[in-house]
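Number of protein chains: 2
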Amino acid sequence: MTYCVAITVNRGLVFASDSRTNAGVDQLSTYSKMFTICVPGQRAFVVLTAGNLGTTQAVINRVRADIKKGAPTSLHTVESMSEAAEYVGEISLNRQHKTTGVSAGQLDSSASFILGGQIRDRNPKVMMIYPEGNFIVATRETQYLQIGEVKYGKPVLDRIITPETSLEEAALCAMVSMDSTMRSNATVGPPVEVLIYEKDSFQLDQHFTFGTDDPYLLDLKLAWDRKIKEAFSELTRFNWQRAERRRAEGE
Amino acid sequence: MTYCVAITVNRGLVFASDSRTNAGVDQLSTYSKMFTICVPGQRAFVVLTAGNLGTTQAVINRVRADIKKGAPTSLHTVESMSEAAEYVGEISLNRQHKTTGVSAGQLDSSASFILGGQIRDRNPKVMMIYPEGNFIVATRETQYLQIGEVKYGKPVLDRIITPETSLEEAALCAMVSMDSTMRSNATVGPPVEVLIYEKDSFQLDQHFTFGTDDPYLLDLKLAWDRKIKEAFSELTRFNWQRAERRRAEGE
Numbered sequence: 030m031t032y033c034v035a036i037t038v039n040r041g042l043v044f045a046s047d048s049r050t051n052a053g054v055d056q057l058s059t060y061s062k063m064f065t066i067c068v069p070g071q072r073a074f075v076v077l078t079a080g081n082l083g084t085t086q087a088v089i090n091r092v093r094a095d096i097k098k099g100a101p102t103s104l105h106t107v108e109s110m111s112e113a114a115e116y117v118g119e120i121s122l123n124r125q126h127k128t129t130g131v132s133a134g135q136l137d138s139s140a141s142f143i144l145g146g147q148i149r150d151r152n153p154k155v156m157m158i159y160p161e162g163n164f165i166v167a168t169r170e171t172q173y174l175q176i177g178e179v180k181y182g183k184p185v186l187d188r189i190i191t192p193e194t195s196l197e198e199a200a201l202c203a204m205v206s207m208d209s210t211m212r213s214n215a216t217v218g219p220p221v222e223v224l225i226y227e228k229d230s231f232q233l234d235q236h237f238t239f240g241t242d243d244p245y246l247l248d249l250k251l252a253w254d255r256k257i258k259e260a261f262s263e264l265t266r267f268n269w270q271r272a273e274r275r276r277a278e279g280e
Numbered sequence: 030m031t032y033c034v035a036i037t038v039n040r041g042l043v044f045a046s047d048s049r050t051n052a053g054v055d056q057l058s059t060y061s062k063m064f065t066i067c068v069p070g071q072r073a074f075v076v077l078t079a080g081n082l083g084t085t086q087a088v089i090n091r092v093r094a095d096i097k098k099g100a101p102t103s104l105h106t107v108e109s110m111s112e113a114a115e116y117v118g119e120i121s122l123n124r125q126h127k128t129t130g131v132s133a134g135q136l137d138s139s140a141s142f143i144l145g146g147q148i149r150d151r152n153p154k155v156m157m158i159y160p161e162g163n164f165i166v167a168t169r170e171t172q173y174l175q176i177g178e179v180k181y182g183k184p185v186l187d188r189i190i191t192p193e194t195s196l197e198e199a200a201l202c203a204m205v206s207m208d209s210t211m212r213s214n215a216t217v218g219p220p221v222e223v224l225i226y227e228k229d230s231f232q233l234d235q236h237f238t239f240g241t242d243d244p245y246l247l248d249l250k251l252a253w254d255r256k257i258k259e260a261f262s263e264l265t266r267f268n269w270q271r272a273e274r275r276r277a278e279g280e
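Here the protein sequences line up with chains Z and V, keeping their order.
Heads up, the first sequence is in this note's numbering, so the first residue is 30 and it goes up one at a time.
Heads up, the second sequence is in this note's numbering, so the first residue is 30 and it goes up one at a time.
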């Protein structure tokens, strides 16, 4: 399984991904799911991947190869983030078509991607590319996109993220969201990668990796757990005795 | 959609359920999903339902009819909670078989149940009955069982519930779990029903309903939201500048 999230705020973009892959419960591996492509000062892209590892690796390889050989269409030539998403979606779809039919019904070769970044003179954008190759864009109303095991980490994003949230706060929120997911789904796990992209910077050097024993990650996990328990202990208790009477009266 | 949860603690059992059903997005209705059967002083059962409404209503009707006509096997005659679960599972399976094949593949008539309660001289028990008719039991290690939209409400249960948790705390935790679920899934909604069963009481009179405008439910929603935000704001920020250097050194 996988959990990846990308957040868009006024000041830029934040990306986070886990690194656990599994093909069956007895075949767990560690692979990075965050890929960066940057032409400093000109364009910056971050790709997060979920789904069939064969497909996602093939897509990333092809994206890199197209750049290397100077193909007419590549992440170095596309003129908008939408064009970039279209391009990645098409590679993904072609790749999936190749493997479909070989072992019909047996193999799920589908993959999803989050693509985010900025091209000079344009605004930063984040989009999610479906296995079908089509995509949706994060907006002011829907400021984050997720792929993989998305439910456990959603509530904290819904509560915290606004357009005015700082990049540092958004990154912290992404890490809490990741922590909640790792706690509830054993097939999502560290190292956790976090990347902060500042609007109009056109550089991707704020890319951090937190390993299993990273002291900050461990502290965050314990602190969040303690704070949730504290928050719960401070909630106003329901007056069950009074309620019971109220119900009896209403009947 | 549905969200139901049942919690077992040393002092007894807690049940909570939402009341929204939907057959397509334009056909929303309100139905209670919590059913009680009690022989005061002798036996007490609570049934929570999820899935096809035709199936769940038919199962509840049959369970009630068997009691009324004094059938050889009914919730008034079973000798253990396991036998009760077996009995409900069989009715459910038979009912599903009846509707399968009429519109093959079109209709999902499956249903899941949580059955909890206590029979005199036995311990209280909670079990989840799968659409296939088989069931699992809540234990000291796995103290709660859920049906329906289970993911959003799971983290708070994992953090709060222990065998020593009081019935009142467990009920509050179930309501927070319900609140998180309703916030994230629009097809789970009030009225929310909560039932507290005290071990060896053999009565089900602590059964409460919280409507859409219930002041306690609204307060709880706002208070929990505020407390989560406070908890987040108090987390130690990651020192991104220092981390950046650390990574550069390691490479």
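Be aware that one or more of the hints could be misleading.
Since the list can't tell identical chains apart, any single copy or any two copies may satisfy a pair.
As the list claims (entries may be wrong) - Below, computed lysine-lysine pairings styled on DSBU-like, alpha-carbon distance capped at 30 angstroms:
| no. | residue 1 | residue 2 |
| --- | --- | --- |
| 1 | Lys98 | Lys256 |
| 2 | Lys258 | Lys127 |
| 3 | Lys258 | Lys228 |
| 4 | Lys97 | Lys258 |
| 5 | Lys250 | Lys98 |
| 6 | Lys98 | Lys127 |
| 7 | Lys127 | Lys228 |
| 8 | Lys250 | Lys127 |
| 9 | Lys258 | Lys98 |
| 10 | Lys97 | Lys228 |
| 11 | Lys228 | Lys154 |
| 12 | Lys127 | Lys256 |
| 13 | Lys97 | Lys256 |
| 14 | Lys97 | Lys250 |
| 15 | Lys154 | Lys258 |
Because the hints were derived from the structure by calculation, they are not lab data.
Which numbered hints turn out to be false for this structure? 1, 2, 4, 5, 7, 8, 9, 12, 13 and 14
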